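Engineer: In the order they appear, the protein sequences are chains Z and D. Letter by letter, the first sequence follows residues 1 to 571 in our numbering. Letter by letter, the second sequence follows residues 1001 to 1430 in our numbering.
Please note: incorrect hints may appear among the correct ones.
As the list claims (entries may be wrong) - Part of the chain Z face toward chain D, derived, beta carbon under 7 Å:
#1 A43
#2 R46
#3 L114
#4 S196
#5 V197
#6 N199
#7 F231
#8 D262
Unchecked claim - Pairwise CB distance ranges, derived in the manner of DEER restraints:
#9 K1312/D / R150/Z: 54 to 62 Å
#10 D210/Z / A1171/D: 22 to 30 Å
#11 G1160/D / P162/Z: 54 to 62 Å
#12 G1275/D / R150/Z: 41 to 49 Å
#13 H153/Z / A1430/D: 44 to 52 Å
#14 R105/Z / G1275/D: 45 to 53 Å
#15 E1369/D / P162/Z: 43 to 51 Å
#16 K567/Z / K1189/D: 35 to 43 Å
Think of the hints as simulated: they come from the structure by calculation, not from any bench. Bear in mind that the values here come from a model prediction, so they are computed numbers and not experimental data. No residue lacks a Cβ here, since even glycine has one placed at the ideal position from N, Cα and C.
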Amino acid sequence: MPSVTIDGRKYEFEGRPGLLQFCLDHGIEVPHFCYHPSMSVPANCRQCLVDVGAPVRNRATGELERSDSGEPVIRYFPKLQTSCSHTLADGQVIHTKRTSEKVGRAQQDTLEFLLINHPLDCPICDQAGMCPLQIQAYKYGPEGSRFEFRKTHKPKKVKLGPRVVLDAERCINCTRCTRFTDEISKSHQLTIIERSVRNYPMTPPGVTFDEPYSMNVIDLCPVGALTSADFRFQARIWEMSSTPSITTTNAKGSNCYYWVRDNLVLRITPRENPAVNAYWLPDEDRLAYRRFNEDRPTGPSVRMDGALKETSWEAAYGRAAEILAAAGSGTVFLASARATVEDNYLLMELAHLTGGTVAGYLPHVEPGHGDGWLRTDARVPNGEGCRRLGLQPVDTASLVAQIEAGAVRALYVLEDDPVAACVIDLAALAAVPVILHYYNTTNKTLAAADVALPAATVAETIGTYVNEEGRAQCVRPAKAIRGAHRTLMMRMGLSRADQHGTPFDRWHNESHLINCKPSWEILPAVASAAGHALDFAGPRQIMDHIARALPAFGGANHKAMGPMGFKLPEA
Amino acid sequence: MATKAGNWQSYQRVLLPPVKDLHKLSIYGDYAALRSVLTHNSPREVTDIVKRSGLKGRGGAGFPTGLKWSFMPPVDPAVPRYLCCNGDESEPGTFKDRQLMEYNPHQMLEGILIANYAISAKACYLYIRGEFADWITLIETELAKAYEANLVGKNIMGLGFSSDIIVHKGAGAYICGEETSLMESLEGKRAYPRIKPPFPAQSGIWGYPTTINNADTLACVPLIIERGADWFASIGAPTHPGPILYGISGHVNRPGVYEYPSGMLITDLLAVAGGMRGGKKLKAVVPGGASVPVLRADMIEGVTMDADSLHKAGSMLGTAGMLFLDEDTDMVAFLRRVARFYHHESCGQCTPCREGTGWIENLVTRIDEGQGNTRDLDLLLELCDQMEGRTVCALADAAAWPVRNTINRFRADFEAKCRQSVWAAQSAAA
Chain Z
1 MPSVTIDGRK YEFEGRPGLL QFCLDHGIEV PHFCYHPSMS VPANCRQCLV
51 DVGAPVRNRA TGELERSDSG EPVIRYFPKL QTSCSHTLAD GQVIHTKRTS
101 EKVGRAQQDT LEFLLINHPL DCPICDQAGM CPLQIQAYKY GPEGSRFEFR
151 KTHKPKKVKL GPRVVLDAER CINCTRCTRF TDEISKSHQL TIIERSVRNY
201 PMTPPGVTFD EPYSMNVIDL CPVGALTSAD FRFQARIWEM SSTPSITTTN
251 AKGSNCYYWV RDNLVLRITP RENPAVNAYW LPDEDRLAYR RFNEDRPTGP
301 SVRMDGALKE TSWEAAYGRA AEILAAAGSG TVFLASARAT VEDNYLLMEL
351 AHLTGGTVAG YLPHVEPGHG DGWLRTDARV PNGEGCRRLG LQPVDTASLV
401 AQIEAGAVRA LYVLEDDPVA ACVIDLAALA AVPVILHYYN TTNKTLAAAD
451 VALPAATVAE TIGTYVNEEG RAQCVRPAKA IRGAHRTLMM RMGLSRADQH
501 GTPFDRWHNE SHLINCKPSW EILPAVASAA GHALDFAGPR QIMDHIARAL
551 PAFGGANHKA MGPMGFKLPE A
Chain D
1001 MATKAGNWQS YQRVLLPPVK DLHKLSIYGD YAALRSVLTH NSPREVTDIV
1051 KRSGLKGRGG AGFPTGLKWS FMPPVDPAVP RYLCCNGDES EPGTFKDRQL
1101 MEYNPHQMLE GILIANYAIS AKACYLYIRG EFADWITLIE TELAKAYEAN
1151 LVGKNIMGLG FSSDIIVHKG AGAYICGEET SLMESLEGKR AYPRIKPPFP
1201 AQSGIWGYPT TINNADTLAC VPLIIERGAD WFASIGAPTH PGPILYGISG
1251 HVNRPGVYEY PSGMLITDLL AVAGGMRGGK KLKAVVPGGA SVPVLRADMI
1301 EGVTMDADSL HKAGSMLGTA GMLFLDEDTD MVAFLRRVAR FYHHESCGQC
1351 TPCREGTGWI ENLVTRIDEG QGNTRDLDLL LELCDQMEGR TVCALADAAA
1401 WPVRNTINRF RADFEAKCRQ SVWAAQSAAA
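Chain D extracted, bound-state conformation (with noise of 0.2 Å):
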């Protein structure tokens, strides 16, 4: 099976590179990209730059960074804009921002300043998750430093271009991930997600016009200045080209965050993850966070990380938090504890996610706990149609499809735990 990623055996990290000691403003550098950007290149330059690329957006929806920035209005010196970096990074699976704050922040930062520049902003929010503390103390000591080495701030090297970077914590929930929600949380408001129209390049924090990217999206950024945009387009698959961050978890022998080019195949992201812990069988694989839909083992042949790729295996690329379940999981229980998740992390905003949420959990636990019965799985998968697209955000979603997919892929694990449950022994005795 052909993969979509080249030779990527001979591939060289460069999001997260083995460099000792990255995450330190002198082993980093003095932000050559920003430099050459802010002597060379026009704002307009920088985003035909990075729509050439091809570079799609990391945080889970694949939209084009470089299309999303010429969203923007053209600038109006009375109206402030800004750029919104999204390092919430909360969804179960995944833990690839996490590295690339701790290990090359300044590449992010410095890709932040870029965006800034392309999109005219004066000023970048970026909202980390409140359990990321190490690291918010880390890029706090480093953002300092750069702001002594006039990296940020007014005029940037003296080149007349003045941005900022403010680090605002999250306070430790999921929502605050939904690019709306977390400008509400930014502006010290409760975390609902707001009704899109009007979208953030119209009216994102405090009504002024916005642009929000993934931390991950950001960190490209100076490498696409660097190297060029046709250098990144050809990296891996070239409909989602670029260096990706899987993060590998579940039943492998060395879970972790890999770098390699889009378009890997799953399968050889399993073999440089170890494989299988103690040699068991693949059951099955979570491809790109817990939303997305479930893959059964024998769905995945020839499949490849990429957004087409993983459409036609019937799944998405989500953020390509790769969990790798092997054949001793109880299906049930695994959508017990993502359903336990998505029922915590609801907002309560919308009736049928508020409401919903509770009852698929109730439901999940119910057959779990083998009190549950057949009929359970089509209301269940019923509660999924009466959530799905009804909701003002996409959370009700995420929390409908991995029980649509993995009761209809796994069906034969529910139905054989409802027919040992205690109604199937009762009707048996009468």
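With the rest of the complex left out, here is chain Z (with noise of 0.2 Å):
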């Protein structure tokens, strides 16, 4: 097998890496800013500069020339050459700064010159704390700038669509924005326009940057000269954390953190698993981060004398209890494709418990609304595990056929919305007893509840969702409920341990506690409180039961789901 030498150490390599990716694969650290795995190569910001030679060869036999020793002859290149730029090939030498002054200096060198004209607004500025230039200026930098001038000044807070604010002169021209849109979402909304220090990058004449995927391009910049419109000034890095997790926006499931600051989700950012969405995430799913925060319920209710009135937990239960009991077989069950798979499965043991009928989950699609990328026509995380879970889509009509034919005597939604889905109307739930697990105040359904249950977030539970590929994915809570709860704070526990858990967040603001509780835990209060026994111990005992019960879900728990998903049998 080929074999290079990096810093004195033998590597064996198949195929033709490239030299960067390589050193990056075995843990050799070499600044860089331009170079990204899933784009082009420009070697533009001149960082990864590393000294590269090669084995002599004679030029008539063909034959490695070999010194007095019987080594291989090595001749280096005149100059240093880019890592990210440069092929690897058999018997290579490649010294990076661990083993060459020449190679840390003329690091040190780009990065003054990179500095030169680059405000140095950490302080203000929202990359800080995870910026690469930041922390390799820190690592691979100079101490001091010989700088004497006026820096260049650039246009400041640009907003270049409705989403992404430039702040030109943070911007070091490393081109990852362009060559995002050039080569990955193919917009071509953004380009570099004028010339030597003056360049920043830009929309063409007449343009709004602002596809569907425009967001990407704050992860991807180096620095903080692209922001979010929405995030900018919120939160410095090191007070939040992130958990990883996945979006619910659509059935693609794509990876993300959950960045938290004082019990508020500020932000989503891409997490890379190759299997599902690379390095991106679309806008839509960044900013679904509101329904975390806003509009949440304060608490439990229940309808009296024809209004909704919070109540206790308990107080709700029994109500929900007593609606059961009074439909008996005349309960339909609405799942949810918004829900978790261990929620939809509690909702069909109970339906089995008290003799109702589980009418199916509301699809949500949308046709047209996919790309065929990382958005999809459905509009929910979870139609694959109701389909896997032997639920259908709901028969619309016959259902408002039944409440209008009077057939249904109670209707149990697991988090859903089925009168802002335009499925049913209110006007026809006004003689059916209605039990609602919801997210936000802002469900229509909510006028026509009889018992109001809040049911956590994707970002407040722990369960399993199965993406349209058919990838099971578990996610944890990446904020906490009001109310301790021992498995969501086990799990919350090993939140706190991420990247960027921090002492400083006290989690302080009691009012950003939402009262609410994940479904796992309601079904099995109201089946209690109606005399069923629906006992399970928490959401990773139920999807070990699944993963035996059901063919569809062989293999599946939350253990084998990892961070990255597990892909079920085929259904």
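Hints in hand, dock the two standalone chains.
Structural biologist: Right under this line is the structure:
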């Protein structure tokens, strides 16, 4: 197998790997800015320079030339090479900063150049704390600056589009953003304008940077030049915790981080998963963060004298049990493609125990919304999970007919909004008692609910979602809810140890703790109030049970899903 | 001192011959050299003839033209291949291609067609800098006439070879003269130079095999075909033969483009340009466009205009755009202007060039304005080290060389200015 020597150690390789990626894969740090594994290599930042030598071959015979001691003679390239654009070849000898002063000096020189016109406004920059320029200047940069002139001034706070704001002075012209719009999203909405130090990325005349993936350039930007219109100046990175999870805006299940400070989700960024979303996240997934913080219920409520009145959880469970008992087998349960597999399974079990019927789930399909990439026609995360549980998309015509015929004596809606989905209208529900699990007070079915039970969102619960490709992915809480729950707290504890877990976030603001419960806690409580036993220790045990019971979930458990998901057997 | 240009006083001009209205097709003739190669020679033979002539690129790097042509991969009918003619003449102090386009464009066009035949290209992109608007119009008019006369286009002269010439106007960037950024510009992209390898012969315009030659280089080709490789090789310096268009500017009595054999003594060229203006003494010569190292007057004794001699003297032939500076020249002001140019024209792709050229201009300007310090000179030299050889293309080198060499060769001028600066005055007062 061909091999190279990097800093005196031999490494074998296959194929034709690029030197920089090879180093990164083998734990050798080489500073870089413009290189990104999924895009073309422009070698423009010149930060990843290394010294490369190749064995000398005899021109006539093609044999390796050897020194007296039998070692191959190595001839070094006259110039330092950018490791990103260098392809490995057998026998090459490479020196990084660790073994070459020349390389260290060159990397320091480049950083000095990068910083002379950079505003160095780290104290007020959103990128500070996770900024490759800041980090690498600290590790590889010069001690001071010899630049004694006015820095170049360029436009600041330029709104490139509705979601992305540019500070051109911070830009180091790595062209990651323009390459993203040219090569990945292919919207061609960004280009570099001007020349020399005056240049910066900009939209072409008459173009707004409004493509559905525009916010990816914010993560790609190795400095704070491209910032989110929403998150700009909202929080310091080191005051936030980031919890690995998935987004639930669509059926793709893109992997993400929920960034939380003071128990508010402040932003959502992509998490690398080659099997799902690679490095990217659509804007719609990122902007979903507001619904975890805003329009949240203050507690469970029941309808009294025509109005919803807040009450205790026990009273709400009791009222729900009364409704179920009165309706008996006339209860129709509506499953949810928004809820986890575990919660839907419990709903099915509850229906079974009370003798009711499960009508299916609302698929929330919006034809034409999908783009064959990270957005799907389905606007809900768990349609595939419902299907694998044996549920069908609800037959709306038949359901409406049953309601009108008075055959539905109670409706139990799990984490969904059939009124907003225009499946059932409010007037039709006037005579039907409705039990509703809901996330936000904007839920239109709330107006018909007799028992309204605030449910934990994806950012607050534990559970499994199955994306449209059949990948089961497990989430854990990114933020806390009111009231202590041991299972949630256990998983929450892990959250605190995340990448940016921080002692500065004291979670002191009580008003940011939502009085809601995960449906896997509500459903057994309702069952128990109705005199049935629906006992599981927690979502992990429910999933283990499902995996044993249903072949469509064969082999799935929370541990197997891990951070990257588990591909379920073909259903 | 011996010139390598032989009996240059009786030299007959061949690139810019003294013929009236030569730019007209009717006066230029019917592309006899092209007819000759299409009738008698295979593409391979044409390449060999050019190789034997010793023709070297006139764009600055001086790469052997025939050898460059032979780098093209074997012909694959499924893969298009292109010739590109670089007429984006933008090196400061260089204005030879402009003369060629104004007075003898057909020779360049004929050379393009012969080269197209030699490398089996179906088309040539003729990239001309946009500022040459008048000559672009002229070339487009004359090219249309050549098309009409079936000297370009399909089945040229009925001899079975088809080839097109497409004129492309540049939009005014120095960097577009760099071969790979010229191709990016042609493709409608931002003119950022490409990483080499792959070289244009493997992956050029739109990723297809491409040969790129300077306009002046290609204008030499019909002469080689007509008069023979040996005739061409016998002109001027043996290692860099042929006629050279010397663009002479600066403090001389008769600036202009002078056609002479290669290997002329710099002193002879100064004489043919009428000597120094006002009888002043020569202070410095930039022999090949602004980016090549400047020579002090005492360094040019016996130096001839060919790569070897200039290399020995500590400079380069470049584009043979010669700038003569007289004794009154302020070398700091000269360098300031050069630095300003490279700062303005750096494309901004690579960090060292983008940031370094601006910093250099800042420093030189400060010295020139009497705010400088002698330590600035050392910083300037260090910045040159930080830029040279660390970028995708050679613009950073081209920006660094004049700085390094002007400071090293005229350090006294710079130090004098620093000594008169406000800082020096302050420390003297203290």
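Engineer: Please go over all the hints and tell whether each is borne out by the structure.
Structural biologist: Each hint, compared with the structure:
no.	hint	result
1	A43	5 Å, holds
2	R46	5 Å, holds
3	L114	6 Å, holds
4	S196	4 Å, holds
5	V197	5 Å, holds
6	N199	4 Å, holds
7	F231	28 Å, violated
8	D262	39 Å, violated
9	K1312/D / R150/Z: 54 to 62 Å	43 Å, violated
10	D210/Z / A1171/D: 22 to 30 Å	28 Å, holds
11	G1160/D / P162/Z: 54 to 62 Å	60 Å, holds
12	G1275/D / R150/Z: 41 to 49 Å	44 Å, holds
13	H153/Z / A1430/D: 44 to 52 Å	34 Å, violated
14	R105/Z / G1275/D: 45 to 53 Å	47 Å, holds
15	E1369/D / P162/Z: 43 to 51 Å	46 Å, holds
16	K567/Z / K1189/D: 35 to 43 Å	40 Å, holds
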